[in-house]
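2 protein chains.
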Amino acid sequence: MTSDGTAGARPPSRLSPDRLVVRYRVRGVDVRQVAEAIRVEQTIEFPYELAPAWIRETIVGRIESIDGDPDDGSVTLSYHPDVVGQEPAQLLNVVWGNVSLFENVRLVDLSLPDSLLRLFPGPRLGVPGLRALLRAPDRPLLATALKPMGTAAADLARMAGILAANGIDLVKDDQGLTDQRWAPWDERVARCAEAVRAASERAGRPSLYLPALNFPGPQLLDRAHRARDLGAGGLLVVPGLVGYDAIRALAGDPDLGLPIMAHPAGAGSGVVNPAQGWRHGLLLGLFARVQGADVCIFPHAGGRFAFSQQVCDDIAAECRRPLPGIAAAWPAPGGGIALERIDDTLAVYGRDVVLLVGGALHRGDLATNAGQLRARVEEWTDPAHSE
Amino acid sequence: MTSDGTAGARPPSRLSPDRLVVRYRVRGVDVRQVAEAIRVEQTIEFPYELAPAWIRETIVGRIESIDGDPDDGSVTLSYHPDVVGQEPAQLLNVVWGNVSLFENVRLVDLSLPDSLLRLFPGPRLGVPGLRALLRAPDRPLLATALKPMGTAAADLARMAGILAANGIDLVKDDQGLTDQRWAPWDERVARCAEAVRAASERAGRPSLYLPALNFPGPQLLDRAHRARDLGAGGLLVVPGLVGYDAIRALAGDPDLGLPIMAHPAGAGSGVVNPAQGWRHGLLLGLFARVQGADVCIFPHAGGRFAFSQQVCDDIAAECRRPLPGIAAAWPAPGGGIALERIDDTLAVYGRDVVLLVGGALHRGDLATNAGQLRARVEEWTDPAHSE
Numbered sequence: 042m043t044s045d046g047t048a049g050a051r052p053p054s055r056l057s058p059d060r061l062v063v064r065y066r067v068r069g070v071d072v073r074q075v076a077e078a079i080r081v082e083q084t085i086e087f088p089y090e091l092a093p094a095w096i097r098e099t100i101v102g103r104i105e106s107i108d109g110d111p112d113d114g115s116v117t118l119s120y121h122p123d124v125v126g127q128e129p130a131q132l133l134n135v136v137w138g139n140v141s142l143f144e145n146v147r148l149v150d151l152s153l154p155d156s157l158l159r160l161f162p163g164p165r166l167g168v169p170g171l172r173a174l175l176r177a178p179d180r181p182l183l184a185t186a187l188k189p190m191g192t193a194a195a196d197l198a199r200m201a202g203i204l205a206a207n208g209i210d211l212v213k214d215d216q217g218l219t220d221q222r223w224a225p226w227d228e229r230v231a232r233c234a235e236a237v238r239a240a241s242e243r244a245g246r247p248s249l250y251l252p253a254l255n256f257p258g259p260q261l262l263d264r265a266h267r268a269r270d271l272g273a274g275g276l277l278v279v280p281g282l283v284g285y286d287a288i289r290a291l292a293g294d295p296d297l298g299l300p301i302m303a304h305p306a307g308a309g310s311g312v313v314n315p316a317q318g319w320r321h322g323l324l325l326g327l328f329a330r331v332q333g334a335d336v337c338i339f340p341h342a343g344g345r346f347a348f349s350q351q352v353c354d355d356i357a358a359e360c361r362r363p364l365p366g367i368a369a370a371w372p373a374p375g376g377g378i379a380l381e382r383i384d385d386t387l388a389v390y391g392r393d394v395v396l397l398v399g400g401a402l403h404r405g406d407l408a409t410n411a412g413q414l415r416a417r418v419e420e421w422t423d424p425a426h427s428e
Numbered sequence: 042m043t044s045d046g047t048a049g050a051r052p053p054s055r056l057s058p059d060r061l062v063v064r065y066r067v068r069g070v071d072v073r074q075v076a077e078a079i080r081v082e083q084t085i086e087f088p089y090e091l092a093p094a095w096i097r098e099t100i101v102g103r104i105e106s107i108d109g110d111p112d113d114g115s116v117t118l119s120y121h122p123d124v125v126g127q128e129p130a131q132l133l134n135v136v137w138g139n140v141s142l143f144e145n146v147r148l149v150d151l152s153l154p155d156s157l158l159r160l161f162p163g164p165r166l167g168v169p170g171l172r173a174l175l176r177a178p179d180r181p182l183l184a185t186a187l188k189p190m191g192t193a194a195a196d197l198a199r200m201a202g203i204l205a206a207n208g209i210d211l212v213k214d215d216q217g218l219t220d221q222r223w224a225p226w227d228e229r230v231a232r233c234a235e236a237v238r239a240a241s242e243r244a245g246r247p248s249l250y251l252p253a254l255n256f257p258g259p260q261l262l263d264r265a266h267r268a269r270d271l272g273a274g275g276l277l278v279v280p281g282l283v284g285y286d287a288i289r290a291l292a293g294d295p296d297l298g299l300p301i302m303a304h305p306a307g308a309g310s311g312v313v314n315p316a317q318g319w320r321h322g323l324l325l326g327l328f329a330r331v332q333g334a335d336v337c338i339f340p341h342a343g344g345r346f347a348f349s350q351q352v353c354d355d356i357a358a359e360c361r362r363p364l365p366g367i368a369a370a371w372p373a374p375g376g377g378i379a380l381e382r383i384d385d386t387l388a389v390y391g392r393d394v395v396l397l398v399g400g401a402l403h404r405g406d407l408a409t410n411a412g413q414l415r416a417r418v419e420e421w422t423d424p425a426h427s428e
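Top to bottom, those sequences are chains A and B.
FYI, in the numbering used here the residues of the first sequence are 42 to 428.
FYI, in the numbering used here the residues of the second sequence are 42 to 428.
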């Protein structure tokens with residue numbers, strides 16, 4: 042682990058492969074005392090000495106190692122997978138339930154045994170599947186958001202058509218577009234989907250429209266099927282607003298089959314406090330991906346948010362970390378990518394990236410900007426394009 | 042607002058009553074610059090100068106006031122309610138969407154206009170309704186959790202019966218009990234509900250059993266109805282695991298009619314970082330209550346978690362703050378309440394409190410401890426009981 046606790050090696054390999062392994066960075070308090078508290082708090086929440094022996098041995102977490110200084114170090118804990126059972130929400134509870142109420146404890150590593158990984162679908166398409174769907178075998182993908190809020194559905198659809206016609210692969214709703222009166226959800230989804238379809242057909246290259254799906258849990262699957270029936274090519278989900286399990290429910294629906302973009306709005310407090318919460322990559326990369334996000338959006342270093350390049354690298358690495366049976370997801374830096382710095386951004390992330398460019402496309406002519414962006418990315422991928 | 046930003050006066054009354062009003066504490070950065078960023082980031086997320094005039098005026102947030110020092114102050118913003126529209130998740134997005142990714146910004150006040158309050162059911166029973174249901178016109182209520190995890194369903198049911206027989210009003214699952222093999226959900230709910238029903242009948246005073254309901258959103262309502270059919274008298278929901286909207290969906294179900302306890306597991310990063318997140322009372326008190334929580338659990342000062350008494354007072358105050366059409370909720374301090382300090386705890390919270398006593402009941406004889414706790418609370422409420 043680096044000194045700021047944002048990146049970390051995987052837990053020691055001597056651990057039993059069938060246990061859930063969690064590592065926390067602990068600062069300013071007695072690390073061993075916190076470790077003892079966590080292993081009980083996250084399981085039995087009961088006076089340890091009063092619990093039956095088998096519960097103390099099997100249910101309570103096991104301290105695998107404690108490293109660092111007595112008041113500034115890390116602890117690695119492991120749990121029997123039956124403590125989670127078959128419920129995805131209980132995994133979150135074991136990893137980050139009551140311990141989320143502790144100050145100065147940060148989740149820095151998480152390793153799921155195969156028996157728990159199986160609870161999660163992972164990305165339905167991921168990097169290889171989305172490349173095939175978009176007929177983009179080797180280049181970075183381009184995404185943008187329909188905005189600003191307040192624009193009528195017909196105007197958003199016109200914008201969507203221009204963006205698709207000029208080579209933007211993924212045209213998504215801004216995450217704040219829901220069912221407002223200026224652009225009611227049904228009308229917006231139908232019009233934008235049709236505009237993207239028509240533009241794609243004319244251009245002879247596929248683009249997808251992804252409406253925002255910030256609806257209550259009980260409506261989630263119905264709305265997703267409705268979006269697909271209206272022509273949506275994917276879905277935008279904001280787990281910080283509707284829960285990470287919403288991604289899993291959508292990715293796990295056998296009849297839906299739409300790629301999912303995960304947006305970080307509302308999830309910030311889970312990562313931005315350096316001594317508390319989750320390592321950025323674990324929440325915005327690994328956890329979203331395991332639930333089923335094909336594309337994981339995060340604020341790009343140098344944009345409107347104070348994410349460092351180290352943090353962005355961490356998220357991208359967790360989108361790509363090899364995991365048995367789980368495809369790689371696309372890291373999607375956004376939140377203020379400048380057109381004039383596209384080459385720098387591509388140099389950082391490489392080919393397997395979705396560049397989410399928003400407001401910058403609207404400074405000047407939208408069609409021209411989108412077309413030039415697409416051309417630049419194609420040239421970067423294969424310099425022969427420019428000849 | 043006090044110097045630490047945890048408590049705050051309500052926004053100035055000169056504000057239009059039909060606008061959503063939000064106040065943030067901002068530290069270590071230029072408050073005005075952050076205010077300008079937030080009002081755009083939370084709405085159009087688009088270059089301000091490129092937006093049409095009516096969108097700048099109607100959709101973008103309005104800065105109502107900026108107070109304090111240039112780099113350590115607070116900003117009050119207001120929004121047109123149509124920016125939220127009719128979707129509860131979009132309220133969360135406007136209040137705490139992209140701004141959640143900002144360091145050093147804390148949500149310290151939130152005021153919903155009537156048009157947005159109407160999106161939320163509030164507590165179905167709240168303080169008056171739960172008093173009527175439990176035939177407890179004036180005393181504090183008692184709650185406990187079935188634990189430890191690993192205990193078989195039959196043994197948990199035996200425990201539940203003892204607790205109900207000895208005067209515990211609300212017998213809930215520990216939040217980590219889900220569908221594990223030691224006590225499968227259906228079996229546990231059926232057995233515990235029956236044990237509590239039988240014990241209540243024998244004792245001639247009502248107690249309720251509240252199973253944990255940490256299921257995926259699409260299953261939520263079905264599982265809740267199943268719990269009621271199995272005899273559950275209420276529901277335990279953990280919004281930090283399944284989303285705050287789960288409470289609203291359950292409280293708003295017209296056929297369910299069960300009281301809801303909200304547990305803070307998983308929600309900690311939203312409140313425990315002093316310069317970021319939400320003021321404790323707003324998230325764990327007001328927001329949970331507006332969604333429909335009848336009882337809001339939080340860690341008691343002096344227990345296993347580092348919550349100060351000031352923070353606990355804030356949560357209790359937000360459970361009780363007068364709101365049009367929204368009943369008061371019960372504050373429920375827990376997480377390490379000691380039996381020998383019950384009088385101190387009652388002195389702090391008064392009569393309208395649910396005391397959530399867990400592990401302490403198990404030190405010694407469970408029936409004796411529960412009975413003595415009930416007797417002590419009755420004596421405290423009406424000293425004539427002890428004569």
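Honestly, the hints are just simulated from the structure, not real lab data.
Take the hints with a grain of salt, since some may be wrong.
[What the hints assert, rightly or not] Footprint (simulated), chain A over chain B, 3 or more residues, beta carbon under 8 Å: (1) 184-191; (2) 204-215; (3) 340-353; (4) 408-418.
Since the structure is predicted, the reported quantities are computational estimates derived from the model, not experimental observations.
Glycine included, every Cβ here is placed at the ideal spot set by N, Cα and C.
Now for the hints, and whether the structure bears them out:
Coverage of the segment 184-191 of chain B by chain A holds in this model, with 5 residues showing a Cβ closer than 8 Å to a Cβ of that chain against a need of three. Using a Cβ-Cβ cut-off of 8 Å, 1 residues of the segment 204-215 of chain B lie near chain A, which falls short of the minimum of three, so the contact claim is violated. Given a C-beta distance limit of less than 8 Å, the hint that chain A covers the segment 340-353 of chain B holds, as 5 residues qualify and 3 suffice. Coverage of the segment 408-418 of chain B by chain A is violated [criterion: at least 3 residues with CB-CB distance below 8 Å; count 0].
Checked against the numbered hints listed earlier, the structure breaks hints 2 and 4; every other hint is satisfied.
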